[in-house]
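Working from the sequences, and respecting the hints, build out all of it.
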Amino acid sequence: MTLPITKTPKCYVGGAFIRSESGRVYETHRSSGEFHANIPRCTRKDVRNAVEAAAKAGAGWAKRTPYNRAQILYRLAEMLEARAPEMAAALKECRRSVDTTSPEQEVRATIDRIVHFAGWADKYEQVLGSVNPVASPHFNFTITEPMGTVGILAPEDAPLLALMTLILPAITTGNSVVALASHAAPYPSILLGEMLATSDLPGGVVNLLTGERKEMLPTFATHEHLRAVAATATQEEATALQQGAAESVKRVILHDPKTDWFSSSHDSPYSLRDFTEAKTVWHPIGA
Amino acid sequence: MTAPALRRLLDEIGPVDATGIEERVAKFTTRSIKKQSKLFGLRLAVTMVDLTTLEGKDTPGKVASLCQKALCPHEGDIPMVAAVCVYPSMVKHAAKHVKGKGVKIASVATAFPSGQAPLKTRLAEVRQAVADGADEIDMVINRGAFLEGELALVQDEIVQVREACGDATLKVILETSELETYDHIRAASFLAMRVLRPGDFIKTSTGKTSANATLGNNQVMIEAIRDFYLATGTEIAMKPAGGIRTAKQALQFLIAVKETLGDAWLNNARYRFGASSLLNDLLRQLETQRTGAYQAPYTFSDDSTGY
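Read top to bottom, the protein sequences are chains A and B. Just so it is clear: in the first sequence, position 279 is 279 by the numbering used here, and no numbers are missing. Just so it is clear: in the second sequence, position 72 is 72 by the numbering used here, and no numbers are missing.
Worth flagging that the hints you see were computed from the coordinates, not collected in a lab. A quick note: this is a predicted structure, and the numbers were derived from the prediction, not measured. Where a beta carbon is used, it is the ideal one built from N, C-alpha and C, also for glycine. There's no promise every hint is true.
[Said to hold, decoys possible] Each computed DSS-like pair below joins lysine-lysine, with the alpha-carbon atoms no more than 30 Å apart:
hint, chain 1, residue 1, chain 2, residue 2
1, A, 10, B, 27
2, A, 45, B, 120
3, A, 214, B, 34
4, B, 57, B, 99
5, A, 56, B, 38
6, B, 208, A, 56
7, B, 35, A, 56
8, B, 34, A, 10
9, B, 35, A, 214
10, B, 120, B, 57
11, A, 63, B, 99
12, A, 45, B, 258
13, B, 120, A, 214
14, A, 214, B, 38
15, A, 214, A, 45
16, A, 56, B, 101
17, B, 101, B, 258
18, B, 248, B, 35
19, B, 27, A, 45
20, B, 38, A, 45
[Stated by the list, open to error] Selected chain A positions facing chain B (in silico; Cβ < 8 Å):
hint, residue
21, 48
22, 219
23, 222
24, 224
25, 225
26, 243
27, 247
This is the structure we're talking about:
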């Protein structure tokens with residue numbers, strides 16, 4: 001008999017694999033009921049550290065050409081494709097009886113969505129930007145800019161697809177992300193971190209945390225450096241997010257918890273607009 | 001190889017236990033400072049900052065904005081910093097803004113940061129800075145001479161700069177990164193302290209070399225200050241400079257001071273931080289404590305990096 005070498009699950013923050021600063025963990029179990037892994041139980045200080053890492057990486061990511069961002073997102077799809085069976089097995093371990101789709105379908109849909117948004121990276125500007133008619137001798141046009149650092153609170157179900165569906169529009173438009181993964185099914189996000197690390201995505205652009213949502217939600221809401229928070233939330237959580245966000249004038253993007261994450265409605269380029277600021281320029285033209 | 005004169009000095013003052021120092025300072029980073037004591041530490045650190053701009057691109061306008069920042073770091077009841085630290089040519093511009101308002105003017109002089117100019121030139125620079133209104137002079141020692149064992153020469157130069165300072169406080173920069181060992185840092189500290197007046201400073205670094213103030217260097221120097229005080233009764237002040245960018249680091253340095261020199265050194269006449277970006281991080285943490293929400297760095301005015 002060989003001794004099994006089990007993996008220590010770690011969160012992907014700032015391009016490195018970390019434990020929670022608190023040193024705490026929580027147990028997850030296989031669908032058969034046996035012990036699976038000790039997952040980091042992150043704290044508000046981990047959120048703070050992740051925001052620092054994201055802010056540091058954000059400026060460089062925003063400066064990349066859209067074409068380069070597209071290439072890197074496509075590379076992420078390649079990394080996931082190569083380890084698709086491993087990811088499907090991880091999803092299988094945390095499946096619930098209500099799930100109607102197979103783990104393989106979820107991985108497939110995620111890869112498709114990554115490639116879909118990779119395609120949008122150098123095209124959304126043509127859709128969201130505009131040349132505006134004005135009644136004066138000005139050439140007036142609107143372009144989009146990334147918001148900065150964005151918080152993501154992923155739902156409990158579809159632990160890979162939903163998480164990536166929330167992250168993709170934010171990073172495609174040049175933002176950096178601090179995301180809290182599903183509490184009940186965190187392991188796919190641990191694997192995703194390993195794929196992000198080999199995808200040419202600069203460290204710190206996507207930071208993945210695991211742990212109790214109620215411990216970190218107030219920090220996501222009030223942290224002044226987060227410019228937007230995208231989440232699926234209960235009514236109570238939504239209120240807490242909106243009240244906390246008011247002080248820092250933060251954008252809160254709420255998704256219906258009952259949404260079908262496989263739906264092509266999530267492929268809309270208008271989801272990219274949620275994470276951009278519009279800049280309008282008045283350029284004088286000949287007298 | 002250590003020069004004979006240096007060896008004799010080391011025999012006299014005792015060597016540094018390098019491993020012991022490293023272990024001691026590692027403990028400082030594990031202290032948990034919360035709530036009221038954290039607020040106290042952060043506010044104290046603000047009052048100890050020598051707000052610094054030492055760049056070739058400094059202009060009178062930039063110094064003016066630095067002075068405004070020094071006088072009023074942020075809205076609310078935030079205290080003033082200890083001093084602004086500028087090049088000699090900027091002293092007269094700083095004087096217009098802060099003279100008589102509680103913020104002192106410190107000026108680096110003596111061919112900062114290398115010190116490689118004739119003594120006559122260096123002394124003239126000091127006299128000019130003092131004449132223009134500098135309250136404090138930061139000088140660099142002659143590291144080359146020190147490492148060659150020309151200790152009397154190093155000490156004589158410090159004495160001459162001290163004379164040139166008149167009433168101005170003198171800060172002697174040892175440039176620890178170029179002294180190579182803790183033993184040398186301790187030796188240089190004693191060399192300087194023996195000719196300083198009470199209230200004069202020894203300072204770690206110029207901030208212009210790759211390695212800057214560390215908890216280890218700081219510890220060697222404050223222990224030298226303690227030993228010198230116990231032997232002679234002369235109170236020498238301390239200024240770590242360069243590389244201290246976060247409030248967390250600043251609190252760790254203050255812990256070192258508290259536990260080595262005691263409360264008597266926990267004020268800005270005895271301890272300073274030479275820093276530029278530290279102030280904003282202190283303000284940020286103070287604001288976090290006040291509001292309960294983590295702050296974004298861009299909500300605090302840039303003093304010297306915004307140009």
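Evaluated hints:
Our distance criterion of 30 Å between C-alpha atoms is met by residue 10 (chain A) and residue 27 (chain B), whose separation comes to about 27 Å. Restraint check for residue 45 (chain A) and residue 120 (chain B): the C-alpha separation of about 54 Å exceeds 30 Å, so the hint is violated. For the hint pairing residue 214 (chain A) with residue 34 (chain B), the CA-to-CA distance comes to about 23 Å; that is within 30 Å, so the pair holds. Among the hinted pairs, residue 57 (chain B) with residue 99 (chain B) is consistent with the structure: their alpha-carbon atoms are about 23 Å apart, no more than 30 Å.
For the given pair, residue 56 (chain A) sits about 26 Å from residue 38 (chain B) by alpha-carbon distance, which is consistent with the 30 Å threshold. For a cut-off of 30 Å, the pair hint linking residue 208 (chain B) to residue 56 (chain A) stands: about 24 Å separates their Cα positions. Pair hint residue 35 (chain B) plus residue 56 (chain A) holds up; C-alpha atoms about 28 Å apart against a cutoff of 30 Å. Taking the CA atoms of residue 34 (chain B) and residue 10 (chain A), the gap is about 28 Å. The hint holds against a cut of 30 Å.
Between residue 35 (chain B) and residue 214 (chain A) the alpha-carbon distance is near 23 Å, which keeps this suggested pair within the 30 Å criterion. Straight-line distance between C-alpha atoms of residue 120 (chain B) and residue 57 (chain B) comes to about 26 Å, which keeps the hinted pair within the 30 Å bound. Distance hint between residue 63 (chain A) and residue 99 (chain B) is unfulfilled; the C-alpha atoms sit about 44 Å from each other, more than 30 Å. Between residue 45 (chain A) and residue 258 (chain B), the direct Cα distance comes to roughly 27 Å. Compliance with the 30 Å bound is thereby established for this hinted pair.
A hinted pair counts as satisfied when its Cα atoms are at most 30 Å apart, and residue 120 (chain B) with residue 214 (chain A) does not qualify at roughly 67 Å. About 26 Å separates the Cα atoms of residue 214 (chain A) and residue 38 (chain B), which keeps this hinted pair within 30 Å; it holds. A threshold of 30 Å between alpha carbons decides the hint, and for residue 214 (chain A) with residue 45 (chain A) the separation of about 14 Å falls inside it, so the pair holds. With a C-alpha separation of about 37 Å, the suggested pairing of residue 56 (chain A) with residue 101 (chain B) is violated against the 30 Å cut-off.
Taken as a hint, the residue 101 (chain B) and residue 258 (chain B) pair is honoured in the structure, with Cα atoms around 29 Å apart against an allowance of 30 Å. Simply put, residue 248 (chain B) and residue 35 (chain B) have alpha-carbon atoms about 14 Å apart, close enough for the 30 Å limit, and the pair holds. This hinted pair checks out: residue 27 (chain B) and residue 45 (chain A) have alpha carbons roughly 21 Å apart, not beyond 30 Å. A threshold of 30 Å between alpha carbons decides the hint, and for residue 38 (chain B) with residue 45 (chain A) the separation of about 16 Å falls inside it, so the pair holds.
Below 8 Å, beta-carbon pairs count as interface contacts, and residue 48 (chain A) has one with chain B at about 5 Å; its hint therefore holds. At about 7 Å, the closest approach between the beta carbon of residue 219 (chain A) and any beta carbon in chain B falls short of 8 Å, and the interface hint on this residue holds. Checking residue 222 (chain A) against chain B by beta carbon gives a least distance of about 4 Å; that is within 8 Å, so the hint holds. The beta carbon of residue 224 (chain A) comes within 4 Å of a beta carbon in chain B, closer than 8 Å, and the hint placing it at the interface holds.
The beta carbon of residue 225 (chain A) is positioned within 8 Å of a beta carbon in chain B (closest approach about 4 Å), and the interface hint is therefore held. Among the interface hints, the one on residue 243 (chain A) is violated; its C-beta lies about 12 Å from the nearest C-beta in chain B, farther than the 8 Å criterion. The beta carbon of residue 247 (chain A) is positioned within 8 Å of a beta carbon in chain B (closest approach about 7 Å), and the interface hint is therefore held.
Hint compliance for this structure: hints 2, 11, 13, 16 and 26 are broken, all remaining hints hold.
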